[in-house]
Each structure stands twice: as structure tokens, then as C-alpha cells.
Amino acid sequence: MDKVVATAAGAVADISDGASIAVGGFGLCGIPSVLIQALYEQGASGLSVVSNNCGVDGLGLGVLLGAGRIARATGSYVGENKEFARQYLAGEIELELTPQGTLAERLRAGGCGIPAFYTPAGVGTQVAEGGLPWRYDADGGVAVASPPKEVRVFDGVEYVLEAGITTDYALIRAARGDRHGNLVFDRSARNFNPLAAMAGRITIAEVEEIVRPGELDPDEIHLPGVFVQRVVPLTWEQAAEKHIEKRTVRAAEAGR
Numbered sequence: 001m002d003k004v005v006a007t008a009a010g011a012v013a014d015i016s017d018g019a020s021i022a023v024g025g026f027g028l029c030g031i032p033s034v035l036i037q038a039l040y041e042q043g044a045s046g047l048s049v050v051s052n053n054c055g056v057d058g059l060g061l062g063v064l065l066g067a068g069r070i071a072r073a074t075g076s077y078v079g080e081n082k083e084f085a086r087q088y089l090a091g092e093i094e095l096e097l098t099p100q101g102t103l104a105e106r107l108r109a110g111g112c113g114i115p116a117f118y119t120p121a122g123v124g125t126q127v128a129e130g131g132l133p134w135r136y137d138a139d140g141g142v143a144v145a146s147p148p149k150e151v152r153v154f155d156g157v158e159y160v161l162e163a164g165i166t167t168d169y170a171l172i173r174a175a176r177g178d179r180h181g182n183l184v185f186d187r188s189a190r191n192f193n194p195l196a197a198m199a200g201r202i203t204i205a206e207v208e209e210i211v212r213p214g215e216l217d218p219d220e221i222h223l224p225g226v227f228v229q230r231v232v233p234l235t236w237e238q239a240a241e242k243h244i245e246k247r248t249v250r251a252a253e254a255g256r
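Under my numbering, residues 1 to 256 are what the sequence shown spells out, in order.
Calculated from the structure, these hints are not laboratory results. Check before you lean on any hint, since a few could be wrong.
Unchecked claim - Pairs of lysine-lysine, BS3-like flavour, derived with a Cα cap of 30 Å:
1. Lys3 with Lys242
2. Lys82 with Lys242
3. Lys246 with Lys82
As the list claims (entries may be wrong) - Simulated restraints on C-beta separations:
4. Lys82 with Ala254: 34 to 44 Å
5. Glu209 with Gly46: 28 to 38 Å
6. Glu245 with Glu209: 18 to 28 Å
By construction, the Cβ of each residue, glycine as well, lies at the ideal position given by its N, Cα and C atoms.
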């Protein structure tokens, strides 16, 4: 039952080239930055990543992206990462864009053993009809395009069939957790982290504060330990290091 691994390096040591990985967080909020750095230092490449976005240049998944370690990405938004755009347009990386809510449900469905589900999101667009550029060739032509998906009508409304997602591994970050892997997430970090954890066959969680089993009220647990295989305790310095994707400030008022 004790799932604690002493170091992030030890926790990601068996992730091999070509592995598929679901990664929690939203922008730079709630991302497993320590595990990502450990994976970068470990050297695995040719990775297939499923995450809402791919970090920013030099931070989050942008660390792996900048090193050329990611071969394919499934996500909802890549607009804050210039290197991602360059690789995508140059045909160096494959990208499957999917609506954000659909991505969340695909991860949840995979974790629940649901192979596919119907949703109205994307009906009447290339999401359903196919033709979205997944990969470009060196000349700017479409080398790989998304296939058409099944569309059915329920009660007079069209729905598109979306497949659940499972991955070899999941990397997530939690605010609190116990040695059994029961986890609590802080505010916005709760959006994709539990879902990514559910989708991974082996889920590795970096945790800011480790408590003894039984200290967490069952009603406050956001993700039960059954979905978590490895827990990495963070140092105070690691837990405190959090980046802001976009900092916005207002002008100081006169006299202050």
C-alpha cells in the first residue's frame, strides 16, 4: 500500500522511448514540473503526449518539446508555444486537436473503461467530418489528416462518436496526498489532473505535502489511491516553485 518513491528520477526510470503519457495541469497551473524535468534528464524520446496544452517555450512540457522528445501530441490549445507551432508547421510533430471538454471526457472515459461516447461537440466541423491536418510534410502539404468519425442522431440531434483515451503512463501534481496515493488538488489544478491520472495505466503523482494515511477526510479526497501507482514527495523548494503563464498588473494609483 505504501506507494512513495524517494525521487522523481526513480519514479520515471522505466518510461521508455515511444511511451504514451497523459499529463495533468492547465497552462502552467498544476503541471507536474518536477516529473517532467526528471523525464527530460532520463532521456526518453518519441513520446506521445496527451495534455490540455504543451506548456510554453522552456517550461512544462515545453522542456520536452524543445528537446525534440515529443513525436505526437493530443490536446486542445497550443497557441502559447512558438516552438510547437514551428515543429507542427515543419512536419516534425503530429498534432491531434480536440475540443477541451471532449478531451476531458475522453480521459475520464478511458479511466472508467468506457471505449467511446457520443457528444454534440464538433458536429458539422472537421472534428467530425475529418480532414484536420495531423501532420504536415516538409513542403507544407498535409501528410496525415484526421479520419471522419461516426455521427448518429438521438432525439433529432446529431452526435459524434469520440474514443476514450488510455495511456501507458500519467504524470500529475497534487497539493496533498497520503502514502496510499489518495490525493487532493488545489483549485484549478483539479481540472485535468484527476482525469489524466485515471487514463494512465501507471500513474505517477508529485505531491506538495504528504500526510499520514487516515489524515485526509474521505470527503475531501478528489482522487482515490486506486488510480495512483507511485507518489513522489516534493521538497519545500520544489513545491514553492510555480510559474505564471501570463502576468497582468494594473497601473499604480496616484499617491501610492
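Hint by hint, which ones does the structure fall short of? Per hint list: zero violations.
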